[in-house]
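Modelling step: build the complete structure from the supplied sequences, incorporating the hints.
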Amino acid sequence: MGQALRELDPRASAAAAFGAALRDRRLERQFSLQKLGKCVLASGALIGKIEKAERRPHADLVHRLDEALCAEGELVRLAAKFVDFYGGTVIPVVEGFSAEVVEERLRSLIVDVRTADHTMAADRLQEVVGHSKAAAAVATRVSTDQRTTLWRAISEAQQLAGWMMFDRGHHRSAEAMFAEARQSAERAKALDLIAYIGGPNAAFMSTWSGNPARGAELAYGALSWAYRSGNLRLAAFVATMAARAHAKMGETDLCEHMLSAAEKALAQHCTDNSDPYWLAVFDRTALSGHRGSCLLDLGNPRQAVQALQEQEDAAPPTFVRNNIIWQLERADANLQLGEIEAAVAGIDQTLDYAEQGPVTPRVVQVFRAADLKLRSTACADPASSTTRDRLREFISACA
18 MGQALRELDP
28 RASAAAAFGA
38 ALRDRRLERQ
48 FSLQKLGKCV
58 LASGALIGKI
68 EKAERRPHAD
78 LVHRLDEALC
88 AEGELVRLAA
98 KFVDFYGGTV
108 IPVVEGFSAE
118 VVEERLRSLI
128 VDVRTADHTM
138 AADRLQEVVG
148 HSKAAAAVAT
158 RVSTDQRTTL
168 WRAISEAQQL
178 AGWMMFDRGH
188 HRSAEAMFAE
198 ARQSAERAKA
208 LDLIAYIGGP
218 NAAFMSTWSG
228 NPARGAELAY
238 GALSWAYRSG
248 NLRLAAFVAT
258 MAARAHAKMG
268 ETDLCEHMLS
278 AAEKALAQHC
288 TDNSDPYWLA
298 VFDRTALSGH
308 RGSCLLDLGN
318 PRQAVQALQE
328 QEDAAPPTFV
338 RNNIIWQLER
348 ADANLQLGEI
358 EAAVAGIDQT
368 LDYAEQGPVT
378 PRVVQVFRAA
388 DLKLRSTACA
398 DPASSTTRDR
408 LREFISACA
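Numbering (this note's numbering), first residue to last: 18 to 416.
Calculated from the structure, these hints are not laboratory results.
All C-beta atoms, glycine included, are put in the ideal place defined by N, C-alpha and C.
Just so you know, not all the hints are guaranteed correct.
[What the hints assert, rightly or not] Taking lysine-lysine pairs in the PhoX-like style, the calculated list, with each CA pair at most 25 Å apart, reads:
(1) Lys-69 to Lys-52
(2) Lys-52 to Lys-66
(3) Lys-150 to Lys-206
[What the hints assert, rightly or not] Pairwise CB distance ranges (calculated):
(4) Leu-389 to Thr-269: 43 to 49 Å
(5) Ala-297 to Gln-320: 51 to 57 Å
(6) Ser-393 to Ala-230: 24 to 30 Å
(7) Ser-402 to Ala-284: 45 to 51 Å
(8) Gln-320 to Thr-165: 28 to 34 Å
(9) Gln-47 to Asn-290: 47 to 53 Å
(10) Gln-200 to Gln-285: 28 to 34 Å
(11) Gly-90 to Gly-316: 22 to 28 Å
(12) Ala-196 to Glu-84: 24 to 30 Å
(13) Ala-193 to Thr-165: 22 to 28 Å
(14) Ala-284 to Gln-200: 30 to 36 Å
(15) Asp-406 to Pro-378: 48 to 54 Å
Rendered as structure tokens:
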């Protein structure tokens with residue numbers, strides 16, 4: 018028998034009134050804390066603390082809760098008494114702290130959030146933005162040497178914030194944030210960051226969002242910075258982004274050329290543990306995944322299955338988002354080959370994987386695409402009916 022819910026007093030404070038309304042809405046919709054958390058990209062434990070007024074939600078989380086629970090603005094109105102929806106970002110107080118302490122705090126936050134973001138569990142976008150703004154205010158008042166390292170940390174925070182915005186479907190905000198990140202990287206004279214922001218971030222976002230020509234343009238611009246930085250692993254990553262853009266445009270020869278360039282650069286890279294930690298997401302395994310994506314876009318599903326299987330066999334569990342996307346792409350390739358049983362098994366496996374935690378809107382978009390393809394390709398196959406229903410329920414829960 019479950020533990021009885023503690024009675025909430027909505028009169029205690031504005032946060033308590035919000036928490037009580039949140040719980041009422043959640044129970045009315047028959048959502049568990051975990052299920053609601055998955056829908057709004059937060060942990061069930063955090064939702065529970067917000068209901069008990071032990072934690073206060075960020076503005077973007079309030080909006081997601083209101084939408085997920087079909088509250089029609091009620092939760093937003095209640096939260097307006099203690100959440101700043103107009104300023105949006107809480108900037109931490111850093112007066113009196115040295116530049117070293119400010120940088121250390123910012124870097125610690127970046128590492129924590131970046132690690133969680135790979136699993137799509139990070140709900141700290143506003144925190145990252147706020148800390149980067151606070152650090153930028155400090156950077157204008159310190160010595161040149163301190164300013165350079167601090168601007169580098171600020172650029173990394175802005176890049177991470179931009180990526181999180183893109184992953185949540187806020188492309189215009191992401192584009193603006195990437196522009197700020199580039200300016201900060203230029204102030205830090207960080208050639209590697211300029212390349213990273215321009216290639217695997219801005220270029221990839223353009224390609225993913227339906228403008229591969231712009232993606233190719235940005236990737237080639239970033240590639241020069243990558244080579245100038247001297248980091249061949251980074252150059253390989255950026256070249257792969259150019260290949261992804263060419264694949265979307267059906268430019269087979271150019272795509273293959275850039276994939277070969279990436280493979281060559283990666284083979285020549287000297288691993289000496291000096292790579293920035295944000296490069297951990299790209300290695301030979303990731304290159305296999307990107308190659309599979311390219312082959313799928315170019316209409317070569319059989320070769321795509323092989324490359325994506327290579328990625329899956331060696332994939333580290335850390336990069337949950339990438340693993341989910343590539344598993345679904347492999348299922349897509351199986352469907353194109355008429356291998357319905359393999360595709361259904363792959364989608365079921367991916368659902369098992371994805372149901373363990375939150376999923377961002379961009380990844381939900383990939384699940385929607387898989388659902389449409391499965392229904393159009395295997396609609397008459399009774400063996401796929403359970404998977405089709407399961408896929409629809411999962412997407413509905415994430416909506």
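_Hint compliance check: list the failing hint numbers for this structure, sorted ascending._
4, 5, 8, 11 and 15
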